[in-house]
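Participant: What follows is each chain in one-letter form.
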Amino acid sequence: MIKIEKRNDVSPSIYFLTPILAIFLTLFGGGIIFYVLGFNPLEALKFFFITPISDLYGFSELLVKATPLCLIAIGLSFCFKSNNWNIGAEGQLIFGGIVGGGVALLFYGHDGFYVLPIIILSGAIGGMIFAMIPAVLKTYLNTNEILVSLMLVYVAKLLLDYLVVGPWSNPEGFNFPETRQFSESARMPILFDGLRIHAGIFITLITVFLSWLILYKTYLGFQIKVSGLSLKTAKYAGYKGKAMIIIVFMISGACAGLAGVGEITGPIGQLHRNISPDYGFTAIIVAFLGRLNPLGIIFASLIVALTYLGAETAQIFLQVPKYTGQVFQGMILFFLLGSDYLLFFKIKFLGLKKNEL
Amino acid sequence: MYKNFLRYIISVLFFLGVSGQANADFKVGFVYVGPTGDHGWTYQHDEGRKAVEAAGIKTTYVESVPEGADAERVIRQLAQSGHDLIFTTSFGYMDPTNKVAKDFPNVKFEHATGYKREHSNVSTYSARFYEGRTLLGHMAGKMTKTNVIGYIASFPIPEVIRGINAMTLAAQKVNPDIKTKIVWVFTWYDPGKESEAAQALIDQGADVIMQHTDSTAPVQVAEKAGVWSFGQASDMQRFAPKSILTSIIDDWAPYYVERSIAARDGTWKQQDTWHGLKEGMVAMAPYNSAMGSDLVKEVEQLQKDLASGKTHSFTGPIYDQKGNILVAEGSVADDGMLAGMNVYVKGVEGDIPQ
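First to last, the sequence lines map onto chains A and B.
With our numbering, letter number 175 in the first sequence gets 175, and the count goes up by one each step, no holes.
With our numbering, letter number 267 in the second sequence gets 267, and the count goes up by one each step, no holes.
No wet-lab data here; the hints were simulated from the structure.
Please note that a few of the clues may not be correct.
So the derived label-pair ranges between C-beta atoms look like this [said to hold, decoys possible]:
hint : chain 1 : residue 1 : chain 2 : residue 2 : range
1    : A       : G112      : B       : G309      : 48 to 56 angstroms
2    : B       : Q204      : A       : N144      : 49 to 57 angstroms
3    : B       : D334      : A       : G173      : 17 to 25 angstroms
4    : A       : G173      : B       : G37       : 27 to 35 angstroms
5    : A       : L318      : B       : D272      : 16 to 24 angstroms
6    : A       : N144      : B       : K145      : 27 to 35 angstroms
7    : B       : S331      : A       : Y323      : 50 to 58 angstroms
8    : B       : P286      : A       : N144      : 50 to 58 angstroms
Here are the simulated lysine to aspartate or glutamate pairs, EDC-like style, with alpha carbons at most 20 angstroms apart [to be verified]:
hint : chain 1 : residue 1 : chain 2 : residue 2
9    : B       : K193      : A       : D161
10   : B       : K99       : A       : E184
11   : B       : K99       : A       : D193
12   : B       : K102      : A       : E184
13   : B       : K116      : A       : E5
14   : B       : K102      : A       : D193
15   : B       : K224      : B       : D190
16   : A       : K157      : B       : D190
All C-beta atoms, glycine included, are put in the ideal place defined by N, C-alpha and C.
Bound-form chain A, shown alone:
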């Protein structure tokens, strides 16, 4: 007979080491997959994980890719820590992009230091408002926030489609589904000439620091933690559950909105239909890989960003199918959840006893 028992004490150091174990298991599993596909596993892994960041440009690209992932995941950690399942960060990102992009188009041709801050702020507010929809519906109508936030992703995508095809499309763009390129004053400043890394990384770092402050040093952070551990305790302690739900969704939405506005004013420079390659969904993996911990999320976003870059270089140099990148992301999550299970539960192998038969 096999019996599964809950472990009572899990050592914190192992808790933070399992993600690293999961990454090593993924490397090992990935090596096996490459071997089965007929590639030299070590060479393939080198192209996947080392070549992309072997020069300054590659390193800058890693940060460009990790910036939105980290920002969204930080926001999600507020929701997830308090047992609120916001699955719609992608929609909040897009809506933030729509609002920020709309303001950028409004300021088309304007110069001035104030343009970019207004755009960034409006993007954050856009994401925040969009995230409040599932939160308000959950608190007042008791709807399921997973479903509502997920379905709103499609609403945001279709709204963006409508705007770039119709009213906001570039008047000189032959009806192609995209807006004008934003003015220089509406673009994130580039940090180094020739590299794409932009000032958005500072927004991310400041947000990470503020999140750490809120989560670990404030009463709100404590409330979030307690509600996550036990809703009943939180109620017994007299915490205002409804307000908290709305606040964590607002924080999460604002972060996703900032990520969206960072993309369109950073590397993209306009609105079109593909402003995000599903960053909002990938960030869920990042949040859990980082253990919902600000520092952990920074590392996790770098690792997951690397799987994107690696998939591209591995395809360029070895013609490995590009979807291996997604396989790697899936494996990381699989090994993490698998080792978590073993961390929190122990499996006991018992001999057959006579009285059980």
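Start from chain A and add chain B according to the hints.
Facilitator: Relative to chain A, chain B alone:
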């Protein structure tokens, strides 16, 4: 004399050695917007790449590259990793291609369906798909019994509107009573949306369906409903053997081979290419014998005339929906007008989405 001769030999050998080495290292990169197995747009570009490979030139491709912030990195990586010529095969790569081209003046870039050539190492190319549409219009006009032709359109860009107009004009020529009904799906590839659109058009009485989208869904719906259809981008005959009358095939192979060899041999020059039936960039799949041998012969003749230039898809008089004259009798639309086309001709129902 002897010394000079030796010098000459050495310099020739050196030159051969250098250029030989450069030729051996010559690589061509391709950036695709979809997977190579889409049986439409990207599939045909990959067939072109295989032809380049068969011509003895090394190639690399990256598939399913999103048209957002990632495209620039992929194009740049191809340029950085020693690719000498890079084809970017979707409209959304226009700005990234030009941006990377600025930083790699020694690498040649070819962007499909775009209009920006900001640097001397960027060429653009596209095909005169509308010539194929003229042939489809002729067949549709002859085959329809309800006089309603259903058209699934992607985005209201000049390329798509040109196709709608060319088809309608050709159909009107053989059947003045036809009407073109359009459903805009605002996607290049979405089998679900495309089949819904096809069904909606059939429900509105269309008995000929065609599409300016890339999946095989519309022809499959037409096959089930028992109406006529046409394949798009590649030969889709096996997906709807009874219903398909022919397919417009995008044949990029000759162009890709020609440009790759030119770039390898140092004769590549910036240009804007717009090839059609004449050059073979637009080709037609075998015609379905179900339309009768007389019609097949007619269409084959029309195809020859379009290729030779004897007939033009946009020959006047052409009127817009309100009856204003667009092209006068006896003249043909020039390329400038075709490139910016943004009005429907008479006989098309509805308005262009704005």
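Participant: Confirm or reject each hint.
Facilitator: Each hint tested on the structure:
Checking the proposed 48 to 56 angstroms range against G112(A) and G309(B) shows it holds: the Cβ atoms sit about 55 angstroms from each other. In this structure the supplied range 49 to 57 angstroms is violated for Q204(B) paired with N144(A), their Cβ-Cβ distance being about 38 angstroms. For the pair D334(B) and G173(A), the supplied restraint of 17 to 25 angstroms holds, since their beta-carbon distance comes to about 22 angstroms. At about 31 angstroms, the CB distance of G173(A) to G37(B) agrees with the hint of 27 to 35 angstroms.
The beta-carbon spacing between L318(A) and D272(B), approximately 35 angstroms, falls outside the hinted interval of 16 to 24 angstroms. Roughly 51 angstroms separates the CB atoms of N144(A) and K145(B), a value that falls outside the hinted 27 to 35 angstroms. Restraint check, S331(B) to Y323(A): a C-beta distance of roughly 52 angstroms satisfies the suggested window 50 to 58 angstroms. A hinted range of 50 to 58 angstroms for the beta carbons of P286(B) and N144(A) is consistent with their spacing of about 54 angstroms.
For the suggested pair K193(B) and D161(A), the alpha carbons sit about 14 angstroms apart, so the restraint of at most 20 angstroms is met. Note on K99(B) and E184(A): the hinted pairing holds, with a Cα-Cα distance of about 15 angstroms set against a maximum of 20 angstroms. In summary, the hint linking K99(B) to D193(A) is supported, as the alpha carbons are separated by about 14 angstroms, within the 20 angstroms threshold. Taking the CA atoms of K102(B) and E184(A), the gap is about 18 angstroms. The hint holds against a cut of 20 angstroms.
The hinted pair formed by K116(B) and E5(A) fails the criterion: a straight-line CA distance of about 65 angstroms is larger than 20 angstroms. Taking the CA atoms of K102(B) and D193(A), the gap is near 14 angstroms; set against the 20 angstroms cutoff, the hint holds. Proximity of K224(B) to D190(B) is assessed by CA-CA distance (about 19 angstroms); at most 20 angstroms being required, the pair is judged to hold. Taking the CA atoms of K157(A) and D190(B), the gap is near 15 angstroms; set against the 20 angstroms cutoff, the hint holds.
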